[in-house]
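Here are the chains, one letter per residue:
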Amino acid sequence: MAKMTLKLPKAAVSMQEGKIVEWFVANGADVAVGQKLYALETEKTTMEVDSPFTGTVTLLGQVGTTYQVGHPIAEINT
Amino acid sequence: MTSTMSSVLGKDRAVKIFETMVRIAACDRRIQQSLAAGELQFQYYPCGGQEAIPATIASCIKPDDYVVTTYRGIHDIVAKGTPMTEIIAEMYGRVTGTSKGKGGPMHLSDPNTGLMVTTGIVGGGAPIANGLALAEQLKGSGRIVVCNFGDGAANIGALHESMNMAALWQLPIVFVCQNNLYAEYTSFAASTRSKTIAQRGAGYDMPGVCVDGNSPEAMIEAVEAAVKRARTGGGPTLLECVAQRLQGHAFGSEETHMDKVALDEGRKNAPIIVFRKRLIDTQTATEDQLKKIEQAAEDEVSAAQKFAQSSQAPGAHELYTDIFADPGLVPDSGIMAKAVSASPIPAGGRKLTYGQAVTDALDIALGKDSKVILLGEDIEDPAGGVVKATYGLSTKYGRERVRGTPISEQAIVGAAIGASLAGFKPVAEVMICDFAMVCMDQIANHAAKLRYMSGGRTSVPITIRMLTAGNVGSFGAQHSQSLEAWFAHTPGLKVVMASTPADAKGLLLSCIDDPDPCIFIEPMRCYFGADMVPEGDYRIPLGSAAIRKSGKDITLVSYGWGMQEVGAAAQTLAAEGIDAEVIDLRSIMPFDMPTVLASVEKTRRAVIVHPAVEFCGFGAELATRLNDALFGKLKAPVGRVGARYTPIAFSQTLDSLHFPNAGRVVEKVKHLMTFK
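If you're matching them up, the sequences are chains R and B in order.
Sequence positions in the first sequence follow the working numbering and run 12 to 89.
Sequence positions in the second sequence follow the working numbering and run -16 to 659.
Careful: at least some of the hints might be erroneous.
Unchecked claim - Coverage of chain B stretches by chain R, computed from C-beta distances (three or more under 8 Å per stretch; other residues unrestricted): (1) 419 to 432; (2) 468 to 481.
Unchecked claim - Listed below are the simulated DSS-like cross-link pairs for lysine-lysine, each with C-alpha atoms no more than 30 Å apart in a straight line: (3) B/Lys274 <-> B/Lys251; (4) R/Lys14 <-> B/Lys274; (5) R/Lys18 <-> B/Lys260; (6) R/Lys18 <-> R/Lys55; (7) B/Lys243 <-> R/Lys55; (8) B/Lys274 <-> R/Lys47; (9) B/Lys321 <-> B/Lys275; (10) R/Lys47 <-> B/Lys260; (11) B/Lys532 <-> R/Lys47; (12) R/Lys47 <-> B/Lys251; (13) B/Lys334 <-> B/Lys371; (14) R/Lys55 <-> B/Lys251; (15) B/Lys618 <-> B/Lys659; (16) B/Lys243 <-> B/Lys178.
Hints in this document: simulated from the structure, not taken from any laboratory.
Glycine included, C-beta positions come from ideal geometry on N, C-alpha and C.
With the hints as constraints, model all of the structure from the sequences given.
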């Protein structure tokens, strides 16, 4: 058991910030590695980000909100 | 079906290949997970879809064979056997990484496992791979080189030069084109008209084979044949392994340029999925066995990640280590120490021209050390070089060691770099300074940086000789430049320009034995006329200036053929009652700041003279340093006399207006003497 923090990833060289467009899982849901977690909109594209961990997810980031790269957006209790 | 798998690969090898593919995939996946979690932030080029290629090759080569790869190369690195801990730690930029965190994902090196170079320059690895192969061919070791590159690199000149040279010399190398159907964001079809890359082998009289890079069973025969050919003296092979990149160019990159249907299909039938199924279907392995392999790979990567996370970032002292063998040479460290000669320069000698002194130095180096080799265009007898600087040497030492080359500057310098990585001390000649621009990638991106990018695990002790024909008349804009400031601007290069035959010999011998890459620029204007040159082996250390004339009124600093104009200017000034001190810098990286500083502290005036364009020339650097060190003590601003900001014209009238001369030096000095 460990609490893993998910930060907004740097998905392109020029990326400074990104917007969470949609969470594909509910707060408190169990997620598995590789499961689609959220849609991230950057200045270039919208990408679907997979869960890097298996565990119970706590969503911190709000849909429609833009965050800086590195900002915590979720926690997963593994 | 059981017999097919067994007979083609053999059971143990099939499982081993799968294990390597699984370890590659686990490593790639974990890196991308850490990127997705925001824990790591860098540009990462995933290898998904190409796992089977190095996994199959690894099963055919020996642990001490060499591999050169490219920035999309994590699969090649894992397959070669580099410890997972060091790979992941390098991704985290930690001091425990393969390169102490100085290389990162694009520049891993692990000489322990033969992974000599990972380059971030498309096609830049091939010339160096040739050099490694040349070294092992000369040693007769039987070691071979696997040179990996993508379909995009197949269209860059360095590859062409390298494949031609490898075929010409029948080098023990396998060129592996990992054709993943995309060069960054451009499809294979949009990059080349030829149906395959392999068919280009015919142009080099080299076997070219195109195989399905998704399947170990489809690849194994061609890989084994290529490896055997290289190992048994049969020369190089161009092996094209066609796979499919299963992601965009980099982590997070869009995939709009990729065929969506093919991509979905490719992901469903990824090589690792298909091969796993084959192992089960053919009863080559059990489900249990494969699960254990998969779990072991996950555990290995987890342990490596923990190792990386608990490792330290490189300390600030690492910033300046691994640039040169001696960290004290870095100019940022302040005032560099004056290099002191280890042994006195013998007295007497005989009269030699500059060119003959260069030949003498090369002769001594070749005679003393079997690891010294010469590479360059026209250097073999009977030509013996365009200015005869290597005349007689191929006859005396053989064409293996004094090796004429095609007109392929990237391949020449790359061969020198590669051979130096494998223990040789190559002297490459690129004929004319201006031609070095053709191979600047090899010089500035590879020779200069490999020590640093590898965290000091590899080094490039090479010498690159080049002429500059400036101010000898009629050579024009592309044979006459003095480009020393270009080289000096790149951390990791030493830059030398001798003005006399005796210095040329002593400095060149120092360069050949130097642990770092040395650029040795020979001014053609100094080739005329003979002077006394001591006999035998003697060294003039890099970073030791010579005071050619003592004086009290002003310091004139120059190097190369600029010394001739400065010497003439000093005579004119003396006749007019101005007593100039004249310093020949001899090398500009490292440069002898203590000698210059002591002189200018005494004279309180200085002019720096060089044949290179004055704007952004080395004079600007030296002037700033003198101003910083002696502000308040100087009687006049430090002056510069360099070439005008123009290309060099053919016309003698314009040529003489371009270059600095004694008259301009005298004029500048007189102006500075008006400051009291």
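Results of checking the hints against the structure:
no.: 1; hint: 419 to 432; in the structure: violated (count 0)
no.: 2; hint: 468 to 481; in the structure: violated (count 0)
no.: 3; hint: B/Lys274 <-> B/Lys251; in the structure: holds, 19 Å
no.: 4; hint: R/Lys14 <-> B/Lys274; in the structure: holds, 27 Å
no.: 5; hint: R/Lys18 <-> B/Lys260; in the structure: violated, 36 Å
no.: 6; hint: R/Lys18 <-> R/Lys55; in the structure: holds, 19 Å
no.: 7; hint: B/Lys243 <-> R/Lys55; in the structure: holds, 18 Å
no.: 8; hint: B/Lys274 <-> R/Lys47; in the structure: holds, 24 Å
no.: 9; hint: B/Lys321 <-> B/Lys275; in the structure: violated, 61 Å
no.: 10; hint: R/Lys47 <-> B/Lys260; in the structure: holds, 25 Å
no.: 11; hint: B/Lys532 <-> R/Lys47; in the structure: violated, 76 Å
no.: 12; hint: R/Lys47 <-> B/Lys251; in the structure: holds, 17 Å
no.: 13; hint: B/Lys334 <-> B/Lys371; in the structure: holds, 17 Å
no.: 14; hint: R/Lys55 <-> B/Lys251; in the structure: holds, 27 Å
no.: 15; hint: B/Lys618 <-> B/Lys659; in the structure: holds, 6 Å
no.: 16; hint: B/Lys243 <-> B/Lys178; in the structure: holds, 22 Å
Hint check: violations occur at hints 1, 2, 5, 9 and 11; the rest are consistent with the structure.
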